[in-house]
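Trainee: Chain by chain, the residues run as shown.
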Amino acid sequence: MREVAIVAAGMTNFGELWQSSLRRMFVDAASEALEAAGVKKVDSIYIGNMSAGQFVGQEHLGPLMAGELGQAGAAAARVESACASGGVALRTAFMDVASGMSDLVLATGVEKMTDGADVTAVLASAADQELEAYYGITFPGLYAMIARAHMQKYGTTEEDLAWVSVKNHRHGAMNPKAQFGREVTLEQVMKSTPVSEPLRLLHCSPVSDGAAAVLLCPLDQAHKYTDRPVQIIGTGLATSSIALADRSDMTYLDAVQLSAVRAYEMAGVGPADLDVAEVHDCFAIAEICCIEALGLVEKGKGGAAARDGLTALGGKIPVNTSGGLKSKGHPVGATGIAQTIEIFEQLRGDCGKRQVEGAKVGLTQNMGGSGASSATHLFRRV
Amino acid sequence: MPSPRYWREVPARLRLEAARCIPCNKTLYPARPICPTCGGKEFEPTTLSRTGKVLTSTVVHVPPTEFHMEAPFAMAIIETPEGARLMTQVVDCVPQSVQPGMEVKFEFRLIRKEGHTGILCYGHKAVPAGV
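Sequence lines, in order, name chains D and Y.
Residue 293 in the working numbering is what sits at position 293 of the first sequence, and the numbering runs on without skipping anything.
Residue 1027 in the working numbering is what sits at position 27 of the second sequence, and the numbering runs on without skipping anything.
Treat the hints with caution; some may be incorrect.
So these bits of chain Y aren't anywhere near chain D, every CB distance computed over 10 Å [to be verified]:
| id | residue |
| --- | --- |
| 1 | Val1059 |
| 2 | Phe1073 |
| 3 | Ile1077 |
| 4 | Gln1096 |
Restraint ranges, calculated between C-beta atoms of paired labels, are given here [as the list claims (entries may be wrong)]:
| id | chain 1 | residue 1 | chain 2 | residue 2 | range |
| --- | --- | --- | --- | --- | --- |
| 5 | Y | Thr1047 | D | Val122 | 57 to 65 Å |
| 6 | Y | Arg1015 | D | Lys153 | 45 to 53 Å |
| 7 | Y | Pro1023 | D | Met190 | 47 to 55 Å |
| 8 | D | Thr185 | Y | Gly1083 | 23 to 31 Å |
| 9 | D | Val122 | Y | Pro1002 | 15 to 23 Å |
| 10 | Y | Pro1002 | D | Lys153 | 36 to 44 Å |
| 11 | Y | Thr1065 | D | Gln221 | 46 to 54 Å |
| 12 | D | Met190 | Y | Cys1038 | 17 to 25 Å |
| 13 | D | Ala121 | Y | Leu1110 | 29 to 37 Å |
| 14 | D | Gly57 | Y | Pro1002 | 36 to 44 Å |
| 15 | D | Gln188 | Y | Glu1042 | 53 to 61 Å |
| 16 | Y | Gln1096 | D | Glu187 | 50 to 58 Å |
No lab work stands behind these hints: they were computed from the structure.
Backbone N, C-alpha and C define an ideal beta-carbon position, used for all residues, glycine too.
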């Protein structure tokens, strides 16, 4: 297997981008990455996208996006694993380069969520249609059930949840591409409108448009495109039961743990080696459960991490320096690639005010559904 | 929802039919061809008890479109004495009173309507056990 590097990145702002179409956002992000590397032609393109078919009635993104990007003829296909689509696109691109099949591969993600579709219903299609969505549960509802179970088992509080949002908005306020690049107070979070008890509006990531792209090549060719490549040193993908009820411990995201173990083993590093991490905080409780499953804190101790500053910039392990899904925005298919870009920039020292000084090893973790699929990646500064 | 899809799910959804895995004794609801626990493929049909206990719950304030008239409503994951778990609404009580540990029973109810001309979709909702 060849060693693989990321050599360039491109990303739109995240937000309600009324003037940008699905295809335009894709082209903006992907061409920024190509131009940064001075690349004219790529071998293949993987497009992480959850549901353009339902959001804008557009399937078959491979040929559409290759053509729009001036790459007609390239091997191109959409990759789908709900909100983990971007992470799985990165993994697919990694395998394409590592195997020797391709030399220059774009891993991308894109989602257009604000063009009028019933977003709650589209997102619910990542749950079990027959056993969950039929009865009226929503995604905030599923995570609310995880939150209540976590509170019951470990004594996690609504205030613990709120601290995750406060921390991530504090980080996002330093990210010019964030949808909500401003701080929120603990009181604002605690008094925001209930969405699905115990989750409130400011515990939830927003509905967003956006696209992101990274360019991969073999590590031994990386210096043709940049003097500061970042190596992908581990990848792990795992699944759990799609229905939340079928998991023996509903407070523990076993797919996240399994995807992390696979990535750690491949990379030969562990949680203690990480300098910075981007994790899937679609809801505040998700960040708490993810940092437990990734081994950043002990099982059951995730609730205190944001409150105590452990996961804040300047803390032991800064989590979601980009602002996370909560503040940066969550165009679902693009999220896994946007997380990758934050770590790419952190390891290159390009993050300005939110830079983790001297960061060498970073992690991204991107999940689908109520934690039914998870992709974890590990990166190292070269 | 096309009527064949609704019809296919009638045994589990309307009659609470399940399957007991013969090798590992786990109850699968609904029945499926391969046991997720042991990989077994031999089953014995069984029917779930119409009682259970809330494992976790929420009160949905922002509902799916078809449920707008019902919000806020309680939803819970309920475990039956056989160990099967069902996601259902919990009704006929104050939504906030639905908490882990609560004992409930299942009642046959209308779940959703598919517009003005579509199927009336039935299933089970939970109610407090004492009611």
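Trainee: Each of the hints needs a verdict: does it hold here or not?
Mentor: Here's how the hints hold up against the structure:
1. Val1059: Not fine: 4 Å to the nearest Cβ puts Y:Val1059 too close to chain D.
2. Phe1073: For Y:Phe1073, whose nearest Cβ neighbour in chain D is about 7 Å away, the distance does not exceed 10 Å, so it is violated.
3. Ile1077: Contrary to the label, Y:Ile1077 does not stay out of reach of chain D, its closest Cβ about 5 Å off (not over 10 Å).
4. Gln1096: Y:Gln1096 not clear of chain D: closest Cβ-Cβ about 7 Å, inside 10 Å.
5. Y:Thr1047 x D:Val122: 57 to 65 Å: At 35 Å between Cβs, range violated.
6. Y:Arg1015 x D:Lys153: 45 to 53 Å: Once the Cβ atoms are compared, 34 Å apart, the range 45 to 53 Å for D:Lys153 and Y:Arg1015 is violated.
7. Y:Pro1023 x D:Met190: 47 to 55 Å: Since the Cβ atoms of Y:Pro1023 and D:Met190 sit about 50 Å apart, the hinted range of 47 to 55 Å holds.
8. D:Thr185 x Y:Gly1083: 23 to 31 Å: violated (44 Å)
9. D:Val122 x Y:Pro1002: 15 to 23 Å: For Y:Pro1002 against D:Val122, whose Cβ atoms are near 19 Å apart, the range 15 to 23 Å holds.
10. Y:Pro1002 x D:Lys153: 36 to 44 Å: holds (41 Å)
11. Y:Thr1065 x D:Gln221: 46 to 54 Å: Holds, since Y:Thr1065 and D:Gln221 (Cβ atoms, about 51 Å apart) stay within the stated range.
12. D:Met190 x Y:Cys1038: 17 to 25 Å: Because 45 Å falls outside the window, the suggested range is violated.
13. D:Ala121 x Y:Leu1110: 29 to 37 Å: violated (19 Å)
14. D:Gly57 x Y:Pro1002: 36 to 44 Å: violated (20 Å)
15. D:Gln188 x Y:Glu1042: 53 to 61 Å: The hinted range 53 to 61 Å holds for D:Gln188 and Y:Glu1042, with Cβ atoms some 56 Å apart.
16. Y:Gln1096 x D:Glu187: 50 to 58 Å: violated (22 Å)
In the structure shown, a violation is registered for the earlier hints numbered 1, 2, 3, 4, 5, 6, 8, 12, 13, 14 and 16, in ascending order.
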